[in-house]
Amino acid sequence: MLSTGKKLIFYVLLIISALLLAGPALMAIVMSFMTNQDILTGSLPTTFTFDNYIAAFERLPFLHFLFNSLIVSMLITLGQLTLSALAAYAFVFLEFKGRDFLFFLFIATMMVPFEASVIPNFHTIRNLGWIDSYAGLTVPFFATTFGTFLLRQNFKQIPKELREASLIAGMGDFRFFLSVVLPVSRTSLVTLGIYGFLTSWNMYLWPLLASTNETVRTIQIGLKQLQTQEQLNQWGVMMAGAVIVIIPTLLLLFLGQKKLQKGLTEGAVK
Amino acid sequence: MSMIAPTIGTNEEAYLSQVERVKRKSRLKSFFKGMLFLLPSIILFSVFVFYPMFQTIYLSFFLTNAQGATTVFVGWENYKALFVDPIFLKSVKNTFLFVFLTVPPTVIISFALAVIANEKLKGIGFFRTIFSSTMGVSVAAASVFWLYLFHPTMGLLNKILEAFGAGGIEWLTDPKWALLAVSMTTIWMNIGFTFLILLGGMQSIDSSLYESADIEGSGYFYKLRRITIPMLSPTFFFVITVSIIHSFQTFGQIDILTKGGPANETNLIVYSIYREAFVNYQFGSASAQAVVLFILILLMTALQFKLGERKVHYQ
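Residue numbers (this note's numbering), protein chains in the order written: chain A, 1 to 270; chain B, 1001 to 1315.
This is chain A alone, in the form it adopts within the complex:
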């Protein structure tokens, strides 16, 4: 056990670090409720106002962008969960020729950075007529090696005998997958879901390229639009926009931090 003196040192360090780290976000939240006058004169907040939020929603279809982001992130999350669960099942439970080669192929995808292949991908999406569509924003991200490995790690803990027994009982692989493997691996699926949602909500480069108008534009690009459109002095409105962008992901992170930490470490180290 720590002595009181040592405890005090740790608390001081923790509080200082927390303030420094949360500083930029806290500052943004405070500024988003300040009048422009207070911000420009650099005074402490004198009045509390929602005007910045109202202005942000009036100036751009922010609500529509939020909806787009929600749809896009949910589609990607669902797609990733489905595809990686299926792939992980094959790698753990099914034995067939060429499996090791395919496993190697999955690893190889991690060596190809998305940023380096963005040009042909843009052309592919355009040729499919998927520019400014949810499909164009989501489908390229459905298959993930990270997700497959994370779930594979988890599926491996399910005894193989369980599958044999189910097969003897006349249950097919797909039934076994749906009614045994998925329910047992709930926690990992939730972890991967949280991670998938976080990363897709925060995506920037691809939505910038794959959306040319406001129909499927995500909130991240909306924020950039707000920033470029704003006269430099409207900081309150910009901060309000930024706060709106981070609230969903921060909530998700606060709720799922423990799960994420466990899941990511397992996926990372083993």
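It should be emphasised that the hints constitute simulated quantities derived from the structure, not laboratory data. In this text the structure is predicted, and so the values were computed from the model without any measurement. A portion of the hints provided could be inaccurate.
Only pairs whose alpha carbons sit at most 30 Å apart, straight line, appear in this in silico DSS-like list of lysine-lysine [said to hold, decoys possible]:
no. : chain 1 : residue 1 : chain 2 : residue 2
1   : A       : Lys156    : B       : Lys1023
2   : B       : Lys1122   : A       : Lys259
3   : B       : Lys1080   : B       : Lys1090
Derived CB-CB ranges, DEER-like [to be verified]:
no. : chain 1 : residue 1 : chain 2 : residue 2 : range
4   : B       : Asn1065   : A       : Met111    : 26 to 32 Å
5   : A       : Thr82     : B       : Tyr1079   : 39 to 45 Å
6   : B       : Phe1164   : A       : Asp51     : 31 to 37 Å
7   : B       : Phe1305   : A       : Thr82     : 27 to 33 Å
Chain A stretches covered by chain B per the calculated footprint, using a threshold of three residues with CB under 8 Å from any CB of chain B [as the list claims (entries may be wrong)]:
no. : region
8   : 94 to 102
9   : 204 to 215
Positions of the beta carbon are idealized from the N, C-alpha and C atoms, including for glycine.
Place chain B on chain A using the hints.
Using the frame of chain A, we list chain B on its own:
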């Protein structure tokens, strides 16, 4: 079976070929079943990962029109032009500089945070949440926060500097400071993820190691140096590799904070690719840059594994 084999040889042959056929059939069946589970991923990987990789290499040997269709085969010309282009060379140099400016600070700060957040104290969960929170902040939002912090007259950083009597800095427009400013933003953004992974690694260290060190009366920093850091080496290895690759892929903060400027100081390689392809419509030369990026990341990963393997302590 071997007992009856000599007497009914032909029957056995028929039996064996029968077995062989059944085996082959079941092998084929299990192959198709496996493919059924893997096919969705394989198709998408082929279309959005493998095809683009080869297509990028292919495009890098051509000139293209604005639609991206190839017009003239130019061989290695795109590459030759890149390696004498001072802007591209600067972009490669600054990308390496950026990796150097962001990765060590991120890992060191995150490690320090993980160390103090690994104590069993009341309310520690709250601090862990705060420390990992920047992981939930998108690159667009983070850039807006720091855009304000870096503002030459209103920004908090210059106000603090002025309070100490120092002159303000043109963070984003002074070529000396811009890359550092972008690096600071990036470090802040990456701390959340790195912290979370390192903390997870620390928590999986066997507590009996610390207990036996306690019995020997070892001090706090001795334990940190002799137990925590060595036992954490696989996690460090992972975190450093991932951070380096992330740094190479930096785009969003550049697009919002500096647009590659001033004087191309922050024109990092992904931003340079983006500009060449989607602003100048030079898809051939942009593809050549993308190939260079791909090779750089491949080399860094290989180097990491080669160097890392020797020093890493696996449990």
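Violated hints, by number in ascending order, as checked against the structure
none
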